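Enquirer: Chains as they are written, first to last, in full-length UniProt numbering: chain V, 1 to 645; chain P, 1 to 350.
Hints are supplied without guarantee of correctness; some may be wrong.
[To be verified] Capping the alpha-carbon separation at 27 Å, the derived lysine-lysine pairs in DSSO-like fashion look like this: (1) P:K189 to P:K155; (2) V:K476 to P:K152; (3) P:K152 to P:K231; (4) V:K220 to V:K177; (5) P:K189 to P:K11; (6) V:K476 to P:K53.
[Claimed, not checked] Cβ-Cβ distance ranges computed for the label pairs, FRET-style: (7) V:G530 to P:L139: 49 to 55 Å; (8) P:L319 to V:H98: 16 to 22 Å; (9) V:A144 to P:R338: 16 to 22 Å; (10) V:Q222 to P:H239: 56 to 62 Å.
Since the hints were made in silico from the structure, they are not lab data. The model shown is predicted, which means the values in this text are computed figures rather than measured ones. Glycine included, each C-beta is placed from N, C-alpha and C at the ideal position.
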Amino acid sequence: MTSQVSSEAGEALLGEQRSAPAEARPGAEKEVRRLDRVIIRFAGDSGDGMQLTGDRFTSETASFGNDLSTLPNFPAEIRAPAGTLPGVSSFQLHFADHDILTPGDAPDVLVAMNPAALKANIADVPRGGEIIVNTDEFAKRAMAKVGYATSPLEDGSLDGYRVHPVPLTTLTIEALKEFGLSRKEAERSKNMFALGLLSWMYHRPTEGTEAFLRSKFAKKPQIAEANVAAFRAGWNFGETTEDFAVSYEVAPATRAFPAGTYRNISGNLALSYGLIAAATQAGLPLYLGSYPITPASDILHELSRHKNFGVRTFQAEDEIAGIGAALGAAFGGSLAVTTTSGPGVALKSETIGLAVSLELPLLVVDIQRGGPSTGLPTKTEQADLLQAMYGRNGEAPLPVVAPKTPADCFDAALEAARIALTYRTPVFLLSDGYLANGSEPWRIPETGSLPDLTTAFATGPNHTLADGTEVFWPYKRDPETLARPWAVPGTPGLEHRIGGIEKQDGTGNISYDPANHDLMVRTRQAKIDGITVPDLEVDDPDGADTLVLGWGSTYGPITAAVRRVRREGGHIAQAHLRHLNPFPKNLGEVLARYGKVVVPEMNLGQLATLVRAQYLVDARSHTQVNGMPFKAEQLAAALKEAIDE
Amino acid sequence: MSESLLNLVPKAEAVQTMKDFKSDQEVRWCPGCGDYAVLAAVQGFMPELGLAKENIVFVSGIGCSSRFPYYMNTYGMHSIHGRAPAIATGLATSRRDLSVWVVTGDGDALSIGGNHLIHALRRNVNLKILLFNNRIYGLTKGQYSPTSEVGKITKSTPMGSLDAPFNPVSLAIGAEATFVARTVDSDRKHLTEVLRRAAEHDGTALVEIYQNCNIFNDGAFEALKDKDQAKEAVIRLEHGQPIRFGAENDKGVVRDPATGDLEVVTVTPDNEDRILVHDAHTPSPTTAFALSRLADPDTLHHTPIGVFRSVERPVYDTLMADQLDHAVEQQGEGDLGRLLAGNDTWTVVG
């Protein structure tokens, strides 16, 4: 589906594809209010289809041309006990007529499909917020299950909110009675009823969802049509019932976006595409060795769908075999990748050390989640930074790259591949659960604008012995990059052996010589230290004395917080690190310019530790490890405190 | 299966000799180590394959035998403990023009790397795995291994080891291996013949090589090597031949009709027609497994050597390559621009 949005005068030119059906045009007789942004949270049981509902609303919103940011939040259990607090799954979406950076702190609208969803989420809804509840699920037993002694719909506890009691289940069953479905089957479409209602409330285009349903249930046309009917019934319910007196318009964010073609994209999808693009740009086959782990498995799934790009995906017997196979493929000349999360990195550590010693290109993608150990598999965290930096035996330095937004995962993957191929080294790509599952609009790049990553394999001898013999030395380095030649099997005359035992400089033969080991350790470090990375950019319009320094997925919340501070007259500078190792060359100089440096992280201060150690600056940590991204308002308060101190 | 996968590997342009496969590195095993004999046999056999040596790769893990790649003038990787089958899987599945060999030991393959070994076998990746079994940890100076006999006195087991050992051939057959053989380091002719059969096999070939560690477990296979003892102890398996052995060729293997199990009997005119004829190609692994259980784990009496099992099954690398071809047939060659654009876009006009 394609729609057009013009930025002229900031007025939306409604393309026909996204106008509502004429007979159901919203607000024909009802009041329409304009809003600049809205935060909606869909919440229900794990089995209620809240993630799908959120995804669909997101797609509609993306195609409408709003800027958006999403936060799926779901339990680690596939089906936690029905109707319980741990079983609540939610999806928050923030959309606006201007550029936004986070999924929003607090929902303006909560859709609660059952008492558990209401109870688990009500504390996040500010007074005056709108709450749509499925009254059918508020039976005594269901309420008692989550500790409601009396009905919150009747006992006055929701008096401060604008509550819309809707018998969603009954209405859905009623709407589908012609389909001859069982009650249970019909009930399942209640999420589409809710989606239809919300689509009416916010003037979302509907064709995409209808096409999606028909394609998703292509093999079960009756179910497809039932879902479409429920979706339309939800829309019509909004249009006709008096309870919903107002609908809202959020104009497309025309000014937020440079000209171009856009799509909505999640971090894991962008990262997958980045890997395929990197292989294409390098002219190498892509090889993924991986073991399923949350929240990284989506990359394995996605790459497995693109075998027509020559992509080989190998689901290994364990994390170690996943990276082992990738390393073997790297030896053979593939662009090799392993994808995992923190616990998997721990298992892969020895092989990463081998890759450091072999000096072969390899991408280690870590979609960080809450730790230690199994931790919080479906929640986000940034606590693997020091594991990526130092989690190996011996001196085993390697580059670390971190994307800052879901769409940025695409560019970060290309950058990680550039470094790996240029310097013949394993590279850590540190994404996290928030980036992986969150989504935002992405300007689709022209393939001609992507970086050239072509790399040359060794083809012949590279060294002349004293007696004039031409030989191949696998550890003779490029004087500029200190990279060693990549000589792949099948190349005649370059037969050589490499391994994890210390090697003699140049020849690569086994060497236990003390001075040689000292040289090799320092050379491997110098190679990583010498990697060329762009200078750090600082956003400092006011000549501030306080700098906020971030890395990875905190970019959105930090930038949103910085805007709030500045809007209220505060002066603060902002810089965000993509390269964690090596740091940009100007980082020390940047840090020295500021009296105060604040480092917000979703860990207990890992970047702050690195920065303090390397630059002797009194960096202040501001940390949060609750499995959720920072809230802009809280972060802004922390920044103000630092400024005022 | 139609054409041998060996045909995917480029051939050598000139006739090769054993010398072509010797690297310039000094061999550093203990004097008298069984590894020397295996190295010589492999270097001597390689010219017969006639493959371009730049298309041959030896991958090893950690242990005495894992130094092997350094001594072969081919491509090689000495990796980390137990992981060679995983690394070799990545190489073999991404480069079908290579002949990939794994060199491993009883500790490397069956202890720390047991998981990778069984999964390589069940997938049937096109790898030739040479498992040097000396029933001891040599490189770490003499602890018992997963193939050591129960009660073995070593530095780590002064009162005797407690673990029941693995039988590598039984393990491999249980792990769905398509080719399983056993040979002995000192029998160059037999070793070479088994290597030949392994090299010809499409898919994973596991070759257990009984290898003497003269420092920490000397004489572990003496019963199979001493000329007189060997006649009674070793059962040579040959496909299509009755399974008979003994100084007078008077022993044979028959199936017990009551249990279905195998047993050794003295051959008589009465039972001669009941002597089992070895069929390495039979699809069922049952008899091969039963053969692997004949030997006494302590004395090694009645140890079969040769090819236990050699059957055809689709090779993982081939299936993977076929899927890639099939994807191109179905979806066309990958088009990056189209992939990135997807089918749900909107345009912002400048």
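Enquirer: Okay, which hints does this one fail, numbers in order?
Expert: 1, 2, 7, 8, 9
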